[in-house]
Each structure stands twice: as C-alpha cells, then as structure tokens.
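Engineer: Read off the chains here:
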Amino acid sequence: EPEVTQTPSHQVTQMGQEVILRCVPISNHLYFYWYRQILGQKVEFLVSFYNNEISEKSEIFDDQFSVERPDGSNFTLKIRSTKLEDSAMYFCASRSRGGANTEAFFGQGTRLTVV
Amino acid sequence: LAKTTQPISMDSYEGQEVNITCSHNNIATNDYITWYQQFPSQGPRFIIQGYKTKVTNEVASLFIPADRKSSTLSLPRVSLSDTAVYYCLVVYGGATNKLIFGTGTLLAVQP
Chain A
432 EPEVTQTPSH
442 QVTQMGQEVI
452 LRCVPISNHL
462 YFYWYRQILG
472 QKVEFLVSFY
482 NNEISEKSEI
492 FDDQFSVERP
502 DGSNFTLKIR
512 STKLEDSAMY
522 FCASRSRGGA
532 NTEAFFGQGT
542 RLTVV
Chain B
460 LAKTTQPISM
470 DSYEGQEVNI
480 TCSHNNIATN
490 DYITWYQQFP
500 SQGPRFIIQG
510 YKTKVTNEVA
520 SLFIPADRKS
530 STLSLPRVSL
540 SDTAVYYCLV
550 VYGGATNKLI
560 FGTGTLLAVQ
570 P
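Chains A and B, in that order, give the protein sequences.
Taken in order, the first sequence gives residues 432 to 546; the numbers are from the numbering used here.
Taken in order, the second sequence gives residues 460 to 570; the numbers are from the numbering used here.
In isolation and in its complexed conformation, chain A is listed as follows (with noise of 0.2 Å):
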C-alpha cells in the first residue's frame, strides 16, 4: 500500500533555531497539508498546498512558517525560529486530488521537541 514518508521521526532543537521537516508524499498525489497535534489537544490543520503555491493556510500558519515543494517529491515544513509553543506532533497528508469525497493519507508524523 502507498505511503507518505516523514522524517525524521523526532527533532529536539533548541527556542530560536530552524527546524525543517520533511514529508514524501504519495507519488502521483497533487494536494499536500501540514498538520499539527499538541499533546493531549486535537490535530490542526495547518496549510494547504496544489499546483506549487499554498491554497490555504490557518492562523497557526504565521510567518515564521513556510512550505516548499523543491524538487517534485519533498515537501517540507520550515519553522525558521521554534519556539517552545511549536512543541508538537507534525503530520504531513496527501490526497490525489481535489473533491470532498477523496480519502487523505497521513504520514507517521514528526515529533519536534523544542527545549
């Protein structure tokens, strides 16, 4: 069965650094999303991206945030300076195209820890 890839698995790094996680999504999927579950709290959705720009991104979604898709394969989530709030679960999903009805796949996530 395909799968979306995330790595690495855990990321500690210290308030203030940049963290970059990474995300393989399905191969022939079109729409990416990043995700974000606190411990204890609900999964949040946090931006949306199609056709290389974001379509959609929450309030969470702030400048320090960005999402790149380099190279056709990678899609990855740019924190540029963590702080301890950013603590959390980070799910990258993919879908194969647009419409209500389409079934969404999730990575494994990544657990950034931000000491």
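Some clues are possibly wrong.
Claimed, not checked - According to the in silico footprint, chain B covers these stretches of chain A (three or more CB under 8 Å from chain B):
| # | region |
| --- | --- |
| 1 | 446 to 453 |
| 2 | 526 to 532 |
What the hints assert, rightly or not - Some chain B residues near chain A, calculated using beta-carbon distances under 10 Å:
| # | residue |
| --- | --- |
| 3 | Tyr472 |
| 4 | Asn489 |
| 5 | Tyr491 |
| 6 | Thr493 |
| 7 | Gly502 |
| 8 | Arg504 |
| 9 | Phe505 |
| 10 | Gln508 |
| 11 | Thr542 |
| 12 | Tyr546 |
| 13 | Val549 |
| 14 | Val550 |
| 15 | Asn556 |
Hint data in this document are derived by calculation from the structure and do not stem from the laboratory.
Ideal Cβ placement from N, Cα and C applies to all residues, glycine included.
Based on the hints, put chain B in the right spot on chain A.
Structural biologist: Structure of chain B alone, referenced to chain A:
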C-alpha cells in the same frame, strides 16, 4: 464549515459491536462525512466515507439518515486493537478540502 459533535469517550468489550454517533446539524449540500482513526503517536487513518444512506467496507459501516444531520460509525466485533480515537469529519466541498478535526471519541476496548 459544519461543526461536529461526538461523545468524548466510549467503553466496550471485545467481540461487541460499537456504534459511535456524530451530529453535524449544519452540513452543506456538497459536504461528505468521513471517519478517521488515530492510534497514539500515529497519523490519522481513513476508515470510511459517505454522502447518504449506508456505506460498508471491510472495516466498518457508516449509516447516514436522509437529513444527513448525523451519522453513525459501526464497528462490528471490536478487538483490543480497535482502542483508538475516532474522528467524525465533515469535509467541505471547496477548493482545498482541508480536514477540520474535532476532539474525537476515545474508544477503549477491554478484554
């Protein structure tokens, strides 16, 4: 976007059928109802999706009444490994189709 309401938690025993009901009173015409499952420290996993009436796959059944203001996820003969959080989502039929997760239902299956 349609808001969903579902029980915070449910308990069951192995071998029982479990029904989790979700209400979504302001669902729109183009919206679909989707259920995801999440185990601790893992990403959500698609279970089933429907628009109206009944949908069944190898894992679950989804019952949606005619007014579509609620839906019921049915898990037949649960096992310990079905212990997880189950999310009911109404997927907006707009451009990005982002998923808006609620708090979900924590299903605890006991021996």
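Engineer: Hint by hint, say whether it matches the structure.
Structural biologist: Evaluation of the provided hints:
1. 446 to 453: With 0 residues close enough to chain B, the hint is violated.
2. 526 to 532: Since three or more residues must qualify, the claim that chain B covers the region 526 to 532 of chain A holds, with 5 doing so at under 8 Å.
3. Tyr472: violated (26 Å)
4. Asn489: Hint on Asn489/B: holds, closest Cβ of chain A at ~6 Å, below 10 Å.
5. Tyr491: holds (4 Å)
6. Thr493: holds (8 Å)
7. Gly502: Cβ of Gly502/B sits 3 Å from chain A, so the hint holds.
8. Arg504: Hint holds; Arg504/B Cβ to chain A Cβ min 7 Å, cut 10 Å.
9. Phe505: Because about 5 Å separates Phe505/B from the closest Cβ in chain A, which is inside the 10 Å limit, the hint holds.
10. Gln508: holds (6 Å)
11. Thr542: violated (17 Å)
12. Tyr546: Given a least distance of 8 Å, the restraint on Tyr546/B holds.
13. Val549: Nearest chain A Cβ about 9 Å off; hint holds.
14. Val550: holds (4 Å)
15. Asn556: holds (6 Å)
When the structure is compared with the earlier hints, violations turn up for hints 1, 3, 11 and for no others.
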